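Protein chains in written order, with this note's numbering: chain Y, 2 to 439; chain E, 9 to 321.
What the hints contain is simulated information worked out from the structure, not anything from laboratory work.
It is possible that some hints are incorrect.
To be verified - Quick list of in silico lysine-lysine cross-link-like pairs, PhoX-like style, CA-CA up to 20 angstroms: (1) Y:Lys200 to Y:Lys265; (2) Y:Lys300 to Y:Lys355; (3) Y:Lys270 to E:Lys155; (4) Y:Lys301 to Y:Lys176; (5) E:Lys155 to Y:Lys283.
Treat the numbers as computed from the prediction; the structure is a model and nothing was measured.
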Amino acid sequence: MKSLPSVKSALSAAAVLLALGACAPGSSSSDEPAADANAAVQTGVPSGPVELNLIATPESGAAMKDIIPAFKAKHPNVKINYVDTTYDDYNKSLNLALSSDTSPDIVLLNAVGTTVKDQLILNLQPYAKAYGWETAYPAGQLNQWRVAKDGTTLGSGDLYAAPASFSQVGLYYNKAKLKKLGIAAAPASLEDLEAALAKAKAGGETPLQLGNKEGHASFPIQLIGQSTDGPAAYAKWVFGEGGATFDTAGNAKGAQSITDWGTKGYYSKDANGIDLQGAVDKFTKGDGVFFVDGSWDSKKIGDALRGDAGFVAFPGPKATAIGTSVAYGISRKSKNAQAAAAFLDFLRGPEAAKASFAQGFLPSDTSTVTAEPGTISADLIAAWNKVNADDGLIGFNNNATATMNDTLVAETQKLIAGKVDPATFIRAVQSDWAKTHG
Amino acid sequence: MADSLANRVAVRDRTVVAPATPVRARRSRARLVPLLYTAPALLFYAAFVIAPWLHSLWISFWDWNGIGVATWAGLDNYREILADPALRLSLVHAFGLILFYSVIPICFGLVLAALVANVPWKGMPFVRTVIFLPQILPLVAVGSVWKLFFDDDGPFNALLRAVGLSDLTRAWLGDFTWAYPAVGVVGTWVSTGLCFLLLYSGIGKIDPALYEAARLDGAGAIHEFWHVTMPGLRREMSVAATVTVIAALASFDVVYVMTAGGPGESTLVPGVAIYRLTFTAGQVGTACALAVVLSLLTCAVMFALNRLTREKT
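In isolation and in its complexed conformation, chain Y is listed as follows (with noise of 0.2 angstroms):
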């Protein structure tokens, strides 16, 4: 009984503490209004020494060390500090940082995920009409960065974030390893590329490189599957449209597609184990005759197989490709958003253009860019053009909700090993869904 004592005062001293936090976790509601979408602003970089944080990942802010001189050049008094993280670090702390006392001025957004709804970003519908943003650019490249009034529909709404460049996930393929199994030509329907997998097969080739470690096999499923569906109803469940599912017969298609080319040996039965990354340098290596990947890793792909790369938009019906901005927003505490609006509007012209490019990433209006022809170079903006003339382009299903990547992981790592079947995995993916949008 000596430790009563203790024991007392603990619980007292624990008692106290409950009481000083005993109010809701979190800041109350903020009580100004969302920034009205009508506001007054002025184009134009203020006069005066200003200075500009910008936060992004080292993959899509890698342009920026060529586009920050450029605007410096033009506005000398305007200094921009960059700093990247990577990826997953990145997506971890962006909400932390721009709810901070010392949040960055300027940021990447990956996905809108509850930047809006918790009020973390400024609105740039304002600065969308005054600087024409809406006619600049074709609507389906905007449209992932509207956000309606709930906070959470995307597609519709407000502007949020100004795309920069773009990424497009297609059908890189080793044209080497074409000629020597005797296909003439790049696949052009589902059809070809099956076949062409079949041969590939039938010739000792790995058909397919696929690295499934971080849920890459969502890929072609998605790129089936909007293809097959058409790419305006398969967008809607994308945006989170209310009444959207994922039980579509494109998804079915493309799941079950994945499931019988693995069982086919198409693809390698440890792809569960296998990154990105590694997928990607084996097929530099010549381990794989097709490669469903992103633009980002073009440099590296081209670098490495030369004139053997070539890059198509996925087959189908329609050209369709997976594909997003590489998008920057304003923080809602940012004290300099006249210029850093500014350097939004920057991020379309033709110096951040060719940076961009440079790097991997497709700029809105590929005339500002060139490319030798039979490069990777060139097959990227062929394919960019052929996907925008069809309006193909549709976001990833990873950003759907703030939780779908981590599902698709899973439920495809499920899928390919043969542990659920086609439509469990559909049922899956769509329940997580439902808790978000339902």
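With chain Y held as given, fit chain E onto it using these hints.
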């Protein structure tokens, strides 16, 4: 010690303080004095262990994404943990890791310590250092190295191919059957050194007379081990079990680095689930509820372990 100190202080109080002071007040003051000595430690413990834990407990009753406005959720977060098969599975996985983090290392450690204690080696300090080395490495580095080891192009598969077992090769960490034992083996590798060292030092403290007596009674090496060494190491085994069981239940680094919980949910542990719920899903309330459940389960296991290994007097 504190008790005798209290008495001494009390005695001094009685002689110095004016007799007008009521006896009750004097007695309670006397009781408080020893408490004062523990105050700094108690304060730190309250501020950095108890308060954060209570804060987590408090948050676990809210629906909160970590930034925005929280709404009262009552027990909903706890219901969600029970209803979510993946989260329940993560708890099962944590308990399964006790086999790899505690049971096997203590067995290894016992055998190693008994062998080494009987044979005085010149190279002993070197052997001790090597066996203990995994303990001092950062777990993230340990995880990264083992991840490379189990890679589809890694040394483990190369080894299998070299001995003609290429049919067995696979991407171990991407395999639904093998990823969990592969992650567990790392726990064994890390914990064995600690268990060995604890038990080895324990053997040194056992009275040699006991061994002599056993030998006189005609006991062999194995009998000695069972009837002298094992009972003599009760305390050390209890310490080893406590430390390693906590490490198993709270595992995060190694699993996060090696598999991040995959493939599917086959290596998901509560640590990884809590991290994901907080930073990816923005469900801080659910994450805290899982943390509370895990800490209560850990306390329960510790209680049982203490009862089990307590010395009978």
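Hints, verified against the model:
no.: 1; hint: Y:Lys200 to Y:Lys265; result: holds (12 angstroms)
no.: 2; hint: Y:Lys300 to Y:Lys355; result: holds (14 angstroms)
no.: 3; hint: Y:Lys270 to E:Lys155; result: holds (18 angstroms)
no.: 4; hint: Y:Lys301 to Y:Lys176; result: holds (16 angstroms)
no.: 5; hint: E:Lys155 to Y:Lys283; result: holds (18 angstroms)
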